[in-house]
Amino acid sequence: MKNQTTVTEFILLGLSSDPQMQIFLFLLFLVIYLITLVGNVMIMLVIKADPHLHTPMHFFLFHLSFIDICYSSVTVPNMLMNFQTKQKTISVNGCIAQMFFFFLSAGTEIFILSAMAYDRYAAISICNPLSYKVMMNLRVCLLLVSASWITGFSASALVVGMVPQLNFCGPNEINNFFCDMEELLKLSCAKSPLVEMIILGSCSLVSLEPFLFIIVSYILILSAILRIASSAGRQKAFSTCASHLLVVSLYYGTIIIMYMTPSAQLSPGFHKALSLMYMVITPMFNPIIYSLRNKEVKGAFRKVVMQTLGMI
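To convert a position in the sequence shown, counted from 1, into the numbering used here, add 33.
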């Protein structure tokens, strides 16, 4: 027999109940969201416009920027709307939809980052540029991106597909600014160890396997860099990985702190701060990191700006 859902909507407690603070937070996150949109769209336009950036690395960066827009747009617009309303509710179906697109974006981003790590390994370990282009041709890049989306979709469907099996009949307050799966599991009236195990196991698997793949890739990359004879060559090789390594550290560092720290030691406020870090702040930083540390992107961006100003 299926569980009967008696709760029809959830209340998102958000970041603060202070009206003055909510005005400040609304303006702050509106600016962050606009920077995220503009930054990532600019990265995509620059990569599309400049033929010199039609490389595997920038192909993956293009898709990473698109995912960051999706990632941020899943939660931030709803959070901004809740800052302006007294009724901070979301329907059960709306909550499930938000979680689905959140897990889809998060899962796809994790696998795109893994594909980027593989690309960096291929670029550094294969000294012959022609062999690298053959190995990382457009077909391979499309397959890797498609596989990332399919895996993200499958994982999201599996995790979120378990939610209707839960029974919500009591408290309906979610102590966060979005439909947090961890908070949702706490609200379930009838505990289902099997459902919880599938949800938590799937989330752990989707996060852990790509992370281990990235670690192994960077161990091999480091080994390849150390075999380069000249210090200038080693520095150039490392600089091509620096942006990706920084993005991975920022993304996974937050997740590791969140999920490796016992729940009893993690205060609700700190949990919200970590959620903001990887859901709102990281998508804003990614285009900044890649545009500041990537000479090709920086040069192409400058060229596009100059051409745009020249047409005015």
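Everything labelled a hint here was simulated from the structure, so no lab data went into it.
These numbers come from a predicted model, not from an experiment.
Be careful, since some hints might not be right.
Stated by the list, open to error - With a Cα cut of at most 30 Å, we get these calculated BS3-like pairs of lysine-lysine:
(1) 305 - 269
(2) 224 - 305
(3) 121 - 224
(4) 331 - 219
(5) 305 - 166
(6) 81 - 305
(7) 269 - 119
(8) 121 - 328
(9) 81 - 224
(10) 219 - 269
(11) 336 - 219
(12) 269 - 166
(13) 219 - 305
(14) 305 - 119
(15) 331 - 81
(16) 121 - 305
(17) 269 - 224
(18) 269 - 121
(19) 219 - 81
Claimed, not checked - Ranges of calculated distance between the beta carbons of each label pair, as one might list FRET restraints:
(20) 127 - 241: 38 to 44 Å
(21) 68 - 127: 34 to 40 Å
(22) 57 - 159: 48 to 54 Å
(23) 134 - 229: 35 to 41 Å
(24) 190 - 68: 20 to 26 Å
(25) 164 - 206: 53 to 59 Å
(26) 106 - 303: 21 to 27 Å
Using N, Cα and C, we set each Cβ at its ideal position, and we do this for glycine too.
Each hint, compared with the structure:
no., hint, verdict
1, 305 - 269, "violated (38 Å)"
2, 224 - 305, "holds (24 Å)"
3, 121 - 224, "holds (26 Å)"
4, 331 - 219, "violated (46 Å)"
5, 305 - 166, "violated (43 Å)"
6, 81 - 305, "violated (36 Å)"
7, 269 - 119, "violated (54 Å)"
8, 121 - 328, "violated (44 Å)"
9, 81 - 224, "violated (49 Å)"
10, 219 - 269, "violated (49 Å)"
11, 336 - 219, "violated (52 Å)"
12, 269 - 166, "holds (19 Å)"
13, 219 - 305, "holds (16 Å)"
14, 305 - 119, "holds (20 Å)"
15, 331 - 81, "holds (14 Å)"
16, 121 - 305, "holds (17 Å)"
17, 269 - 224, "violated (54 Å)"
18, 269 - 121, "violated (50 Å)"
19, 219 - 81, "violated (45 Å)"
20, 127 - 241: 38 to 44 Å, "violated (30 Å)"
21, 68 - 127: 34 to 40 Å, "violated (26 Å)"
22, 57 - 159: 48 to 54 Å, "holds (51 Å)"
23, 134 - 229: 35 to 41 Å, "violated (22 Å)"
24, 190 - 68: 20 to 26 Å, "violated (31 Å)"
25, 164 - 206: 53 to 59 Å, "holds (58 Å)"
26, 106 - 303: 21 to 27 Å, "holds (25 Å)"
The structure fails hints 1, 4, 5, 6, 7, 8, 9, 10, 11, 17, 18, 19, 20, 21, 23 and 24 (numbered hints given earlier, in ascending order).
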